[in-house]
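Asker: Chain by chain, the residues run as shown.
2 protein chains.
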Amino acid sequence: MTDHEYSTEALDLDLAWWAAANYLTVAQIYLKDNTLLREPLDASHIKPRLLGHWGTSPCLSMIYTLLNRHIKETDSDWLYVTGPGHGGPALVASTYLEGTYSEIYPHVGPDAAGVRRLCRQFSAPGGIPSHVSVQTPGSIHEGGELGYALVHAGGAAFDRPDLTIACVIGDGEAETGPLAGSWKLPAFLNARRDGAVLPILNLNGAKIAGPTVFGRSSDEDIVDFLHGQGWDPVVVSGTDPRVVFPELLRVLRESHEKIRLIQTAARDGGTSAQARWPAIVLRTPKGWTGPHTVDGVLVEGTFRAHQVPLSGVRTNPEHLAQLEDWLRSYRPEELFDDDGTLVAELAALAPAGDKRMGSTPYANGGRLLQPLRIPPLEKYEIPIESPGSSFHETTRVLGELMRDIYAQNGRDDGGGNFRLFSPDETASNRLAAVFEQTDRCWQLPTEEWDDHLSPDGRVMEVLSEHLCEGWLEGYVLAGGHGLFASYEAFAMVSVSMMIQHVKWLQHAADLAWREPVASLNVLLTSTCWRNDHNGFSHQGPGMIDAAIPLSPDVVRIWLPPDSNTLLSISDHCFRSRDHVNLIVVDKQPHLQYLTLDEANKHCAAGASIWHWAGTETESVGSPTEPDIVLAAAGDVPTQEILAAAQILQEWVPYLRVRMVNVVDLMALVTPGDHPHGFSESTFIDLFTADTDVVFAFHGYPRAVHELLHGRPKVDRFHVRGFNEQGTTTTPFDMVVLNRMSRYHLVLEALRRSRRVPEKGSELVDFCNSQLKRHASYVVEHMEDMPEVTDWTYTLH
Amino acid sequence: MTDHEYSTEALDLDLAWWAAANYLTVAQIYLKDNTLLREPLDASHIKPRLLGHWGTSPCLSMIYTLLNRHIKETDSDWLYVTGPGHGGPALVASTYLEGTYSEIYPHVGPDAAGVRRLCRQFSAPGGIPSHVSVQTPGSIHEGGELGYALVHAGGAAFDRPDLTIACVIGDGEAETGPLAGSWKLPAFLNARRDGAVLPILNLNGAKIAGPTVFGRSSDEDIVDFLHGQGWDPVVVSGTDPRVVFPELLRVLRESHEKIRLIQTAARDGGTSAQARWPAIVLRTPKGWTGPHTVDGVLVEGTFRAHQVPLSGVRTNPEHLAQLEDWLRSYRPEELFDDDGTLVAELAALAPAGDKRMGSTPYANGGRLLQPLRIPPLEKYEIPIESPGSSFHETTRVLGELMRDIYAQNGRDDGGGNFRLFSPDETASNRLAAVFEQTDRCWQLPTEEWDDHLSPDGRVMEVLSEHLCEGWLEGYVLAGGHGLFASYEAFAMVSVSMMIQHVKWLQHAADLAWREPVASLNVLLTSTCWRNDHNGFSHQGPGMIDAAIPLSPDVVRIWLPPDSNTLLSISDHCFRSRDHVNLIVVDKQPHLQYLTLDEANKHCAAGASIWHWAGTETESVGSPTEPDIVLAAAGDVPTQEILAAAQILQEWVPYLRVRMVNVVDLMALVTPGDHPHGFSESTFIDLFTADTDVVFAFHGYPRAVHELLHGRPKVDRFHVRGFNEQGTTTTPFDMVVLNRMSRYHLVLEALRRSRRVPEKGSELVDFCNSQLKRHASYVVEHMEDMPEVTDWTYTLH
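For the record, the sequence lines run as chains A and B. Quick note on this note's numbering: the first sequence kicks off at 1 and runs consecutively. Quick note on this note's numbering: the second sequence kicks off at 797 and runs consecutively.
Below, computed lysine-lysine pairings styled on DSBU-like, alpha-carbon distance capped at 35 Å: (1) B:Lys1509 - A:Lys759; (2) B:Lys1509 - A:Lys713; (3) B:Lys1555 - A:Lys713; (4) B:Lys828 - A:Lys772; (5) A:Lys379 - A:Lys601; (6) B:Lys1568 - A:Lys32.
Simulated from the structure, these hints should not be mistaken for lab results.
So that you can see chain A by itself, here it is in the shape it has in the complex:
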């Protein structure tokens, strides 16, 4: 677009703004006093500990500077995603210069005291982190764990047609797997209803200690690489700011114009598919405008500029002098007035109000959040004649609920504020009802035999847990709602992203200006117990163990035993804010137990005694304590413990058995350690004060033991669960291999029971004979091959 010139005056102003940003970046890293350099620099002005990343910062600030100009020219909405998030001081400086920072944090005012505070708080106790972080205005992306800039940008662009996202990607980050996978975005980004992502691949050539692959690749190779994935890249490179600024501004303008042409074509009723989106490859020196050499060694443009290029300033007078020269090269006296306030002609360069990238509501998605319209659950209720009498694919109701959520939360233009993300397993996970309402999202060519596939589809299927998780993270942080449905075991592929999202939410809760966002909902299905068809690699419940130690204010772990409890839990999760909800439930046909009404009460309680499954009330003896408590969390464990209870009832009916089902796992934790933790009296009401408990658990048994720490007499809890025994086998063999079968549970109950029942030894013999029969069945299977009906398990 050539509507706007770029006069020398404008360039000079931009360079001055850039100088101010660079000055404040260096000042944050080095200075605790004399922060506007109103007197000669001496060692007493230097911070006791020098922290921060200089190398990437100048280019981050240049991009910010030019985007400011472009935003003012076009009155457009931009979000800035900082892949090189360690360049924190650059983004802090830019949002300070534009005024956002002082508005959000009035104690860091637009004056000399504010500049001093800005410098002192950086990387200091009680101050702010060194990275772009949740505290940084305008950010939805931390950038400490590299790899997620482009996937977060993609997620934030979905259903935000007026938004353009400048996504800066460092060449270090570009070496990560998740970033490499994110380039496939054009196959999923719809020009009609979604916003745009403009990747700016900033190649400064080096990481902390060496070169980068892209930094040493030819322009031609990089262009090929990007072009091959649906992008239309342009290379900008240079070392002279007076050349690079105009060139980059021109390319930014042209890129935005191309984006708008693509969008206009799509929105005027043309096709939105197969757009080739602009991308910028930007080669600039690492540590640009910083010390060129230090102690005779080249620094600028090399890995040596990565962090603090002059490290000896407190003790080495030459370093100190070089730092002063460096700081003065930005002419701070021309940038800030006598009060220490940015001079008016520079302040005027910033966009106004929410157009400022530090103030955009797209980076504070709670401001855009619309509550999800969730239909009443009764429509989806699975009828229960009697508990445990019918099988149902548990997750199927969630598909039906989401189908109607899609229907009720759409927009006229085909957009909406809800999306389901899954690695190609929506139908396999029994969620296919959503396809009655929408399709799989796909911008590449389609074939006649495709199934529910279209550019306007709103189910995001891509065989990458990283993309599913990261897109959903970006989507909710920009104000949307959604769910990521994963095979339980493979959710571990992206677990580190989930952990970083929990950390983000944990710290966001401390910031009043960050509005609550929709929770990150993760459905873990195709679980360890029922990947008997796929084998050991598909069997792993480790997500529970990864989530337990994270912030109790954020993490929730739900183990609905059946469909109606899943409905109740899902409704709760979709309405909740600022949480990460793990919902663990299998997709295969499972027994159903609770009516919706019962399920709602059960879920609200977190755990309940299932009187219908126990024998306490039938006991004639003392009404005090049960002889044994049987407990379960999870669908398969619930089934096996119920089967165990039935066996006990048949053989030793006079044994007082209590049945407890746990759906809210974190409620096991003491209330001081988790807000959902049962009070001691509730805990005792459920589990008694000293009766032994046989606990069948969905995941690794030790997870329950760690949760129970602090509860009365934890030694009495005997937990069976997934014990890392797996292969391709039958569902029943899985529970036997892991010693959680009904027979194992009965044996454990007899061993732990308060009373030794009559007929107990006969029952022991029966269980052992059943297990022996099973063992020989497995051994002889090669010659035997029984019918399918023998392969599944039912209650007696």
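Got chain A; can you put chain B on it based on the hints?
Answerer: Structure of chain B alone, referenced to chain A:
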């Protein structure tokens, strides 16, 4: 290369071999009897449960067939990495046809009974998994959790100059982040000393329920994509086997010839850098040669061919008839003789002995493993004048040890059998001594300012935990040794790969034919306690929690408190086999405690009482039990607990304090649950039977509680550890934020002590005042900025 023709006779033979492989694939999925189709098919011959993935299998078998021909022609060594690992029956079929399978598993012989057994064992209880797995001859790669084919291939190629690896990558897998990141291999693969990887990107166009991005991308785009990353791709596509076979064979031959030209040029003294390696893009129909349509719906070439295309064969006579037609289309009566043995002219197509891809020692790396020459540790010992009197960057000695391991385990050609893998942090992690012996590995252009960077370098730095972890996995499975050094928090990026590797080793141990391989050693440094400079995203000890529930026969977790214990542990880990060793230790200056001799004893014991740090022996009273046990695992916790002990000794010297240090974390587990678990008497010798224990732990406190389950009176253990409280701050503030500071530990010890000491309340006041002082220090920090010396912590 055109030395070899491809006669019609040869083609016919290859098509017949392929038919045999396809036949056995379908038979494995469907048949339990009549497995050679010697009589008309009826429903009683069909397995009760139909499992397996047909779609990818025919193309996997075609590639195997043609590689067999090529191997025979060239007498070359090839390893076959099966990215679409769910195509298990294809690889089982191929290795059965070549004879390897029956040699390894004599009960599956080369006759009709063997074929029947082959079919029945597939995906059956007591049989074999449905995926390519550790049980599959010739495999180093499971392929259940998709994404790691190319990185495993790369790792297996390092230092194996005579090996070429055919790495088949499915277009589903190609959507994953880790696979996308793996294409950067050419920047790291040295033609002179390494083997070659020939990627075969098999585009059958579909995943389980939809199309793939590459499947719907143009050839031109895919070629651009690969070319841009250092590959020289050739596209082969077709649906007629009589066309595709000759074309693919030609391209395989030419690709291998190009590889050898690159290698010869490099090995004859030319440069090995910047080679552009061949790659094949292979478009073939999904479910090729299978049912074209089923019930009038197109199956072949679509996602519907992914698993079992005819699902109703037991009840639907049309399906059964169609299955019989399908099976008979391969003419099994011409492929297997009356005994059910592969006919001789087909059997003759297989290479001989270890040239067979199922028999290659490169897939059973223990056969190639050479013990590492490890120098005596004394050379690296940190002198200890008195415990806790000097600081040292703990990891530095490991760099020196690895430097000499590099020196002593090299080959004349620059190869060797040891490599260090790290995301660009070798120097940052204080391991830079290795650069006295070798460089960073780099095949792209270099600049004069580069630091220890060369094509022949043997330190693998790439900013991708997935590549570091995956390359090391491939490297050790092919017979090498190595270590992956990671920032502790970011090791979680690739944790799912570590989990899959543990699963692999767990099942490999059951197979006598799989020789032991070097352990996977993972150094977790830059730990949660000392990322005070980087902030919360860099602070997370979750790897410990992820590893604890995995196979106790594989997982080891080590927490050396200082340099000499790190030396002892590292020596042990480098000598160990078939384990995954997590070594958790920070890189910053830390206090040093034990001489090497003491360290060796301490590590051999797993945990010891540090008498010099306790006051038990000084007590005059009853010699029975200590009043309190102080325990620690990890460097920072050890320091804080020792400081706490010093404070106690100063204030309440008559209190009997025992100090226990734990270095082998899994030794806390009961011996029935982990081979390293302390016997009950050893446990009581350390921790007493009922004295309270204040335990300072490196990771999340609940991890200790889960480990302690089953030990006597676990309620008496009071664990402090990382509690997910972090930011950019000072080291001491980190221990205060997480309530593990010396003052918190003293307060806990006083609270839990068997005796209430005199002066106890004064000491409580002292600790509280110290913590209050710290709190106000943090609050006032913005105005105060104390000197660096106040930012670190020392013993009193």
